[in-house]
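Below are the chains, spelled out letter by letter.
Protein chains: 2
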Amino acid sequence: MEIIRSNFKINLPKVYQAIEEADFFAIDGEFSGISDGPSVTALTSGFDTPEERYQKLKKHSMDFLLFQFGLCAFKYDHANSKHVTKSFNFYVFPKPFSRSSPDVKFVCQSSSIDFLASQGFDFNKVFCSGIPYLNQEEERQLREQFDEKRSQANGAGALTKCPVTIPEDQKKFIDQVIEKIEGFLQREEKRTLELNPCTGFQRKLIYQTLSWKYPKGIHVETLETDKGKLVVGHNMLLDVMHTIHQFYCPLPVDLNEFKEMTTCVFPRLLDTKLMASTQPFKDIINNTSLAELEKRLKETPFDPPKVESAEGFPSYDTASEQLHEAGYDAYITGLCFISMANYLGSLLSPPKTCVSARSKLIEPFFNKLFLMRVMDIPYLNLEGPDLQPKRDHVLHVTFPKEWKTSDLYQLFSAFGNIQISWIDDTSAFVSLSQPEQVQIAVNTSKYAESYRIQTYAEYVGKKQESKQVKRKWTEDSWKEVDRKRPHVPGPCYHTNSFTAAGIVGKRTLSPDPREAGVVDRESEGISDPELEQTDYCADPLPEGRKKAKKLKRMKKEFSLAGSASDSPAVLFEVPDTW
Amino acid sequence: MEIIRSNFKINLPKVYQAIEEADFFAIDGEFSGISDGPSVTALTSGFDTPEERYQKLKKHSMDFLLFQFGLCAFKYDHANSKHVTKSFNFYVFPKPFSRSSPDVKFVCQSSSIDFLASQGFDFNKVFCSGIPYLNQEEERQLREQFDEKRSQANGAGALTKCPVTIPEDQKKFIDQVIEKIEGFLQREEKRTLELNPCTGFQRKLIYQTLSWKYPKGIHVETLETDKGKLVVGHNMLLDVMHTIHQFYCPLPVDLNEFKEMTTCVFPRLLDTKLMASTQPFKDIINNTSLAELEKRLKETPFDPPKVESAEGFPSYDTASEQLHEAGYDAYITGLCFISMANYLGSLLSPPKTCVSARSKLIEPFFNKLFLMRVMDIPYLNLEGPDLQPKRDHVLHVTFPKEWKTSDLYQLFSAFGNIQISWIDDTSAFVSLSQPEQVQIAVNTSKYAESYRIQTYAEYVGKKQESKQVKRKWTEDSWKEVDRKRPHVPGPCYHTNSFTAAGIVGKRTLSPDPREAGVVDRESEGISDPELEQTDYCADPLPEGRKKAKKLKRMKKEFSLAGSASDSPAVLFEVPDTW
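Chains as they are written, first to last, in numbering that gives the first Met the number 0: chain S, 0 to 577; chain P, 0 to 577.
It should be emphasised that the hints constitute simulated quantities derived from the structure, not laboratory data.
The list treats identical chains as one, so a pair stands whether inside a single copy or across any two.
Subject to a maximum C-alpha distance of 27 Å in a straight line, what follows is the list of computed DSSO-like cross-link-like pairs (lysine-lysine):
(1) LYS8 - LYS148
(2) LYS148 - LYS403
(3) LYS400 - LYS148
(4) LYS170 - LYS215
(5) LYS58 - LYS462
(6) LYS179 - LYS203
Kindly generate the complete structure, drawing on both the sequences and the hints.
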């Protein structure tokens, strides 16, 4: 279903309902470009750390516009053993609301625009009929301006908040809530009141109504009941970053803060590209691009799911590809997820034919986002510190800007097979086939004048020093500190031969730390307080407190979010809505 | 006529012919945005110098895309006393030619895109069917790459230039040229050879053919025979800047270099907004926006010209406005020019009913581009130094960033009427109604702590010092040094009361320096060698020589251009083509 400016309001209840009743949903975005700085190759260097990758994407990709947002909700019809889909294609454009509202500037990359044009993308629809939007801060400012003008027009000296405009179909619900709260306030013997679960939109109306009805203040908090529904995407890091940046708030400077923010906005994510690149799929899926993956998953040993679009929703035909329309891509992504999840079920004994989005089988893939072209870190871990591969076979080389790849091959010709990963004009990472060669190379280069070689560890050490970031790098092995939860047993997909991390060529990808030789820190009894210091509420510094406050406010305001309460007067339960 | 990627090649001869036979032509561009930095108000501060304005536009406007270029050629049909027009609408888009060719990034401003969308602008046509282009340097690089690949494919070690692909209809012409040159080279008694006039495209073919045929080199230069045909635009500074920047080469750092470059690319420009803002039009035209101007010029004392579109060209109907399509805007601009030129003719005795684009009557308007919202400098003078108004009633004020316009009004409340022109968050120009008040204001402020006031002259002096630019500022009166040519007598339009420069309110605009009290330096016998130092060929420094070389090459390469020759072996005469 196409959602544009003119039919947005009338269709919004359908969107809410689709999310409400869905088992899971898939998302996808179309952007006006990818990299506004270095070439995509330089943007995605093979030895980026997750932190570096995040910083690069933040710096060079956020000025593009997400102008089509695809959302496909999947609901399983048990009676008929089929999935029922509701697919939405939102055209979005930051049409200025008035002269005083933000006049957004966005970058277009010719190659991306040309590609979309060749796929028949309708730019006129985006620019003429795109749904306008504001992020939270912009909305707040606009409301303030509006309130001010209104109060000036009323001739009132003091600012009075305006009553909330409540849609007809919500009036009854809101009236009931108010009645409940007034009763609660009169009784006084009870310390808290829990309201019934409601949608994100209803919650917003409640907050606004209460803020207007009780100008002296009333403490209201959102109660978290569940992790939210599963949101599936394909190679979704940029989609997630853009969605938050464009519709919620500018991305935080720090990767850890980004992780916190993301798990607030999207409590449960699954990346089908990561899933397809991981055992047991890795060995039976050659090409993980969405189009190829979709084709592959129609063949044995996979079993394409029975899917049907809901009444009133146009159906997609996967035979005639409509790839790169966000709604269709989201739909395909959902199909891929179902096929792969069901395949995991088929490996059980007895086999399980239909694996749900809440199954333990897929838990190892939760909140891990695929990292494009990073040689030895398969994913960004949203729920804790990232994998730290030992890069003891990697050298950092600095050289004159005239050097080309061939010069590097010549320099290292004595060391057999090497892999080069350019950083910029005058430096690159060179990975040797054996770690023992590293010291030889460093020693040999000591008196060289035109170039300089250091070990990866030295390079990182100096970089950290210069940044004065107090973070320890362990050089023993891959380590993952999973602070938040004990290690989930889950299934281990050791069905095929395990490829060691150092071997050049095929990548080893696994969201299960054990598979990639990653040990769980907690289970070893090692504790690094600095690594564990990701909860800003525990940070004693004022800066930390500010962040904590910000994050708390965010948790309260964003519909998908939830937070524990201190001593709330009124509590709302949050259902699985968006 | 709509020119897109698919019909560009087949219609190119029509474009050449239209230009070839035209008396003059009008241009207009549509862009993806206006200001990528400060608000348009800050971009166009009321006391910008032409240098400052150029720098601002260069910095904040060149990242937008010119995606529709309008060209309307006007030819007078003497037999039927009417103008015959050929209007072209070029859709342009930097579609990447290959993976190694430039992947242009451009900025879009939501308000501009929204405005064009509301006018029915077809973005799909731009992005799907826009004519791709390269600037000169990009073309050179691509040719080099192509030559290199070709020579590698041929197995040749040395680079051999590829033969030029000459269109069928040009082969005879080129063969004749080659024959002539070979005869000349055999004779040897003559030192130069002048070829017949040719079009810009033919000249390009000749250069390419000779460069391939005589790999050892042959000295070829373009001989200037005429100033080129008149190109008319409305408020055309940005159009000119974008056209050069996008299709020719990045804009030079320095305003004087920009002027040199512009007069090479467009030897004769006329801005209808400047014309309409100047006497005798100023007093009878209230609104100089293109749409309003066009309406006004249909009424007395103006006489709308008889115009007809050429056969095979769709006609525009000015009654149903199609404003903001570049081809239509160019058409309207041409109409406005004709009406105003004819009005000038009607003031003569005996009256002249039809004033040509080569008439002396319009010479005072040549090569002067309207400067938007500058209070006391009506135009950018492309043919010499700019006007230097005395700003002895202007103060430069620095203050805390919390200050608002009202704070400034309060500060100067004792001085009567003032005008404020913001520079940035913490500074503004304040013009007082009388110059005598300036010193009082400066003295009063001497011990103030929160703000600082200096005279405009002090401000400029400090700015110049810090830039180490050796340019003298005269503070007596407006002065224009017209180095290149003796003062053209031309007509003086002193038909109405002359408004003095200092008076607040209505602007005095005139391209005739005498009208605005500007004196001609040469006629006064004053000579400032620094002001005259704009010919880089005379600059003894290496940097100057480099510039000279660059400009010379440019003159040689660009079709509209011309340059005097040193001692050319072969000379080409340049006709009025583009």
